[in-house]
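Peer 1: Given chain A, work out where chain B should sit, using these hints.
Protein sequence lines, in the order shown, are assigned to chains A and B.
Read in order, the letters of the first sequence correspond to residues 6 to 427 in our numbering.
Read in order, the letters of the second sequence correspond to residues 393 to 699 in our numbering.
Fair warning: there could be bad hints in the mix.
[What the hints assert, rightly or not] Computed footprint of chain B on chain A; a stretch qualifies when at least three of its residues, placed anywhere within it, have a C-beta under 8 Å from a C-beta of chain B:
no., region
1, 85-93
2, 113-125
3, 258-264
[Said to hold, decoys possible] Computed Cβ-Cβ distance ranges for the label pairs, DEER-style:
no., chain 1, residue 1, chain 2, residue 2, range
4, A, Glu224, B, Ala466, 29 to 37 Å
5, A, Asp53, B, Arg690, 24 to 32 Å
6, A, Asp53, B, Phe511, 35 to 43 Å
7, A, Arg290, B, Phe452, 33 to 41 Å
8, A, Glu328, B, Pro517, 42 to 50 Å
Hints were generated in silico from the structure; no laboratory data involved.
Yeah, the Cβ is synthetic: ideal placement off N, Cα and C, and Gly gets one too.
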Amino acid sequence: MKNSLRYAAVGAAGLLAFTLAGCTGGAPGGGGNDDPNTITFMIGNPEDPADLELTEADMAKFEEESGIKVDLKVIPIENVQTIVQTQLRSGEGPDVFGYDTGPGFAGALAEAGLVFPLTDAYEELDWPIYDFAKERVTFDGEIVGIPNDIETLGLYYNSTVFDELGIDRPESTGDLLDACQTIQDAGLIPIALNDLDGWQGGHYLSVILSSMVGSAGMEEFVDGTKSWDSPEVVEALSLLDEFNKAGCFPPSPVAIDYDNGNALFYSGQAAMNLTGSWLVKDTERNVDFEVAYIPFPAPDGPGIFSGGLGAGVFINATSKKTESAIKFLDYLMTQEHGAWVIQNAQSIPAFPIDTSGVEATPLFTQVLDDAAKIADGTGDFGYNIDVLTSTEFNQAMWDGVQAVLTGQATPEEVAANLEAAR
Amino acid sequence: MTIASRSLAPTVTRRAQARLGIALVLPVMIVTALFFLFPLGNALYYSMVDFDGLDPNPPFVGFDNFTRMFSDPAVWHALGNNLIWIVVGTASPMVIGLLVAMLLWTVRRGGAIYRVIFFLPYVLPGVAIGIVWGWIYDPVNGLLNQFLRAVGLGDLATGWLGEPDLALYAVLLTAIWAGTGFAVVIFLSALRNVDTELVDASRIDGANSAQRLWFIILPQIMPVFLMVLTLTLVGGFSVFDIVFIMTAGGPSNATEVLGTYAYDQAFVLNNIGYGTTLALLITILSVPIAVLLNRLQRRLSLQGTGA
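Looking at chain A on its own, in the form it has when it is part of the complex:
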């Protein structure tokens, strides 16, 4: 869950109000404010305070257009699940809140009857959420939220350094290992792996395994057709171990947190950084070199991105202001707002947006194109595992990757633990 929330958090930080909703929590909405024209909307704190200012501006725009006041509550991202669950159960909580999608998160709230059904609103207001995204917020045939942004996991690299060292874009894991050696020889850290928080390890397993087995193979793992202790998972974990032992990562990567890992890349101390497309904006803000974004390579090819959704926006089942809350969600679904989010937050809503008038950097344009392929189903994309699996499995995965990186467990042992935690 920690990673999932973190994942939602960083993604949310990019998509502002809409995206922030992905990592939002709860405020008194069901009972905290009696003004029918005021709704409470709680969000997890974004990585960058500047994003919060943008969110506030976005809320102000909605207030001006609708006459409905939004009481924005910001809570620590790591407490979102606890706060939301507690407040919703108590019959209080926010009118609108962000939460992770998928069966382990929003699905659990839906099962307990804590979220407001939105199937009718979808029909009446014709919200054009992509079908694959809608599935992530549909439980027992009822749609209960609107999914946030589309995200990918991939490898950022410092193309200026790559050019200086004469390294071509890695087209296989062999190429990547060679690049690691060249970068190490130049006195730099090849890949800024950071796994103190644990959830980042799940992303590494996701991208390595996705590139190794493709989208069809990942589907088999997620739907249970294939067991998690199969040779492919062991091979993926072994590859991670091999990269670690080859010096591709910083010393003791499990002692480095996400922010410090990113800082290694921003500062030029590390030449590559594996994380999500939500970091495009922060990366471009913080670096003074050229950056490219590619999939983590497969053993025999360039590999595929892992793709999927961030979090979602939901309405409290006990809210007395569902009408205003639905108007708020409808605002988030407008073309105008979607385009604004893309341009300002560099994040991609989970519904079609005409981007012809949107100004975007080359790097973000690439991410937009990739996201479009996820949306229309034309691309081959793997999965980010932790948003599709249970918290027990995620915990086993995060602990397992840390164990491999610190030599506390073998890939075979970790794979067996994953299957046991399924």
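Peer 2: Then chain B, alone, in the frame of chain A:
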């Protein structure tokens, strides 16, 4: 007042005394019920249900959570780390605190400055301490590794929080740094009440420093010593914040203590019933020790021993 004398008192007086007694104990009873008995009863209830944080009517499971706790290897691993924390994390601040207090006891000028310097870490928020020490321990840009490299000890540079065999001790060192100031200040206050004539007499009799400390000074400050020992010891069972901030129990559970394990079970994995059971274990382990040391401290005080 004896039973006989009570029976001789007028009825009105007895009633007034009873009312006064009730009025005097009522606030304490309310506070105890509100902040101790009610939470304890609540915890006992949740330890006997399978509560996931969502179901308003969680199924009753009896003692299943307790059975599970005793057969859970992660509990024993966490308890082992707690024991390390208790032994090292109690002995170190006690010894260091006493020695520093002894040194400061003899300081004639600038004592207040030293007291502030030593006490300052204790008043800093645990979260801030954890974050700052996390930076210090950073394997790439951390001050500790940079210092080691600067003085030619680069071979010792390592990822302090990332090595399973080292991480717990690295966090412990931070906790000792943060907590020793408390022991220093309390011991120093106690030393001010030590009968210096006895110390001087023992010196004349030929007692060396260690003998004076052991036979003359320590007995006089024993109740205070036991009070600090109790607080530090119980803190070893309930340690949570600094471990949570610095390692969250990692890498791969290497620094897991009962507090972080209970938190993970309750708030990460949504096994709130089981997490509550683990929290009760912390209480069950720490309360008897606290009571025992408290009684010892009281007995010494009644005997007239101590500062």
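Peer 1: Give me the numbers of the hints this structure contradicts, sorted from smallest to largest.
Peer 2: Checked against the structure, the hints that fail are numbers 5, 7, while the rest are satisfied.
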